[in-house]
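Hey, can you work out the whole structure from these sequences and the hints?
2 protein chains.
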Amino acid sequence: MNRRTFLKSVPAFTVLAGTASSLAQDLEPITLAKPETDGGKSVLAALKERRTTRNIREKALPPQTLSNLLWGAFGVNRENEPFRGPGRTAASASNSQEIDLYVALPEGVYLYEAVGHRLTPVVAGDFRRRSGRRAAARAPVNIFYVVDIAKYKKAPFQEPGLRDPEVQKSYYYVATGLIASNVYLFAASQGLAAHFHNCDKRNTPKEFKLRPEQRVLFAQTVGYPA
Amino acid sequence: MNRRTFLKSVPAFTVLAGTASSLAQDLEPITLAKPETDGGKSVLAALKERRTTRNIREKALPPQTLSNLLWGAFGVNRENEPFRGPGRTAASASNSQEIDLYVALPEGVYLYEAVGHRLTPVVAGDFRRRSGRRAAARAPVNIFYVVDIAKYKKAPFQEPGLRDPEVQKSYYYVATGLIASNVYLFAASQGLAAHFHNCDKRNTPKEFKLRPEQRVLFAQTVGYPA
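Same order as they appear, the protein sequences are chains A and B. Residue numbers 0 to 225, in numbering that gives the first Met the number 0, belong to the letters of the first sequence in order. Residue numbers 0 to 225, in numbering that gives the first Met the number 0, belong to the letters of the second sequence in order.
For the record, the hints were derived by calculation from the structure and aren't laboratory data. Here the structure is a predicted model, which means the values were calculated and not measured. Backbone N, C-alpha and C fix where the C-beta goes; we use that ideal spot for every residue, glycine too. Warning: the hint list may mix true and false statements.
[Said to hold, decoys possible] With a cut-off of at most 30 Å between alpha-carbon atoms, the simulated DSSO-like pairs for lysine-lysine come out as follows:
hint, chain 1, residue 1, chain 2, residue 2
1, A, 168, B, 168
2, A, 58, B, 40
3, B, 200, A, 150
4, B, 200, A, 152
5, A, 168, B, 150
6, A, 208, B, 168
[Unchecked claim] Covered stretches of chain A (chain B as the covering partner; in silico rule of three or more C-beta atoms under 8 Å from a C-beta of chain B):
hint, region
7, 32–38
8, 168–177
Structural data, given as structure tokens:
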């Protein structure tokens with residue numbers, strides 16, 4: 000059965016994706032390859048190339064590139080920081096590491112677990128359209144930035160203001176930008192395209208099975224430039 | 000008259016700094032060298048080295064390094080974007096380019112003008128202590144992130160929510176993080192130290208002669224690691 004026949008015989012594909020396939024257990028965890036820690040353009044050369052590119056192809060990223068992308072975004076770059084736990088590629092408020100990356104691939108949404116460097120299934124089905132219409136909905140990778148407010152209570156440093164919702168807001172949006180810039184520069188260093196933007200905040204909390212302390216903030220689309 | 004004698008004979012040095020020397024016209028504009036757009040570590044190697052370093056030496060940065068740092072942070076990397084004006088190394092909400100960098104050097108505070116790539120005097124005197132105590136107060140460069148809300152009205156794209164103060168807040172904190180990560184990765188690529196942190200928001204608006212639409216958000220200290 001070729002692709003066309005399959006699509007013809009199963010017109011309710013989206014319904015299928017929304018029911019039987021939406022169970023996370025239908026998805027296997029993805030063990031990401033060990034990230035490469037060199038190669039590609041210099042930081043200065045990537046800064047020269049940094050730009051927002053909205054037109055992104057459907058073509059999938061090679062597994063090693065996906066691994067490098069997520070590690071670069073907010074991976075563990077120091078295993079044993081004394082009294083602080085693992086160090087990350089982006090700073091966070093009081094080292095709370097409050098942002099989680101929910102990664103929408105064509106087959107489903109995964110949580111990026113930096114410790115262990117793997118993708119844990121959240122929900123099966125194609126939710127890339129929650130990132131945006133047109134190119135974003137078909138791009139190979141969409142990263143959703145999700146804050147977990149509960150992490151501020153567990154932060155190793157309890158600095159003044161860390162419990163104040165307004166202060167928290169300033170912190171988690173900055174933390175989002177810090178990660179997003181890592182993504183922009185990684186993309187620029189590899190000839191990839193990236194686009195940081197608003198996203199669906201209405202449907203995603205339920206679809207991504209978020210807890211009340213979690214909030215979807217923004218999304219970033221990554222792939223090959225069109 | 001050696002330094003010790005001078006200090007003894009002028010115990011009111013801080014008063015001097017706050018009066019005669021605090022006029023911006025005492026400072027000359029600094030024309031920054033043309034930024035280098037290659038050299039230093041790769042993006043992946045810089046991500047591996049990315050960390051917060053609070054212990055920073057007093058030693059000044061060479062002029063070329065200061066130029067590269069500010070250009071990398073939020074400089075112009077595309078001169079002629081159709082319908083959008085100059086492109087910058089960091090994204091911003093609706094391309095509003097809403098963040099201004101106020102740069103505190105030992106002799107005074109300057110506004111970084113990305114178009115023209117120069118530092119325009121704001122106020123003479125040493126205001127690095129407004130960034131933080133200890134190492135931050137003596138580090139060669141302190142960058143203050145200042146949002147100019149008025150720029151949202153002039154943005155080339157007037158997307159929904161751009162006039163909503165809560166939405167604006169999410170945008171300008173993300174924009175701050177995007178720039179701050181450029182600084183972190185540039186520093187990591189050059190073996191420099193960087194530290195993003197809170198700063199004095201009480202005295203700086205008046206001292207930096209900010210308009211009501213401007214707000215000091217955060218600061219970032221850069222220099223050589225101790």
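Hints and how they fare:
1. 168/A <-> 168/B: holds, 8 Å
2. 58/A <-> 40/B: At roughly 29 Å apart (the allowed maximum being 30 Å), residue 40/B and residue 58/A satisfy the hint.
3. 200/B <-> 150/A: holds, 26 Å
4. 200/B <-> 152/A: Cα-Cα ~25 Å, so holds.
5. 168/A <-> 150/B: holds, 21 Å
6. 208/A <-> 168/B: holds, 26 Å
7. 32–38: holds (count 5)
8. 168–177: holds (count 8)
When held up to the earlier numbered hints, the structure conflicts with none and fits them all.
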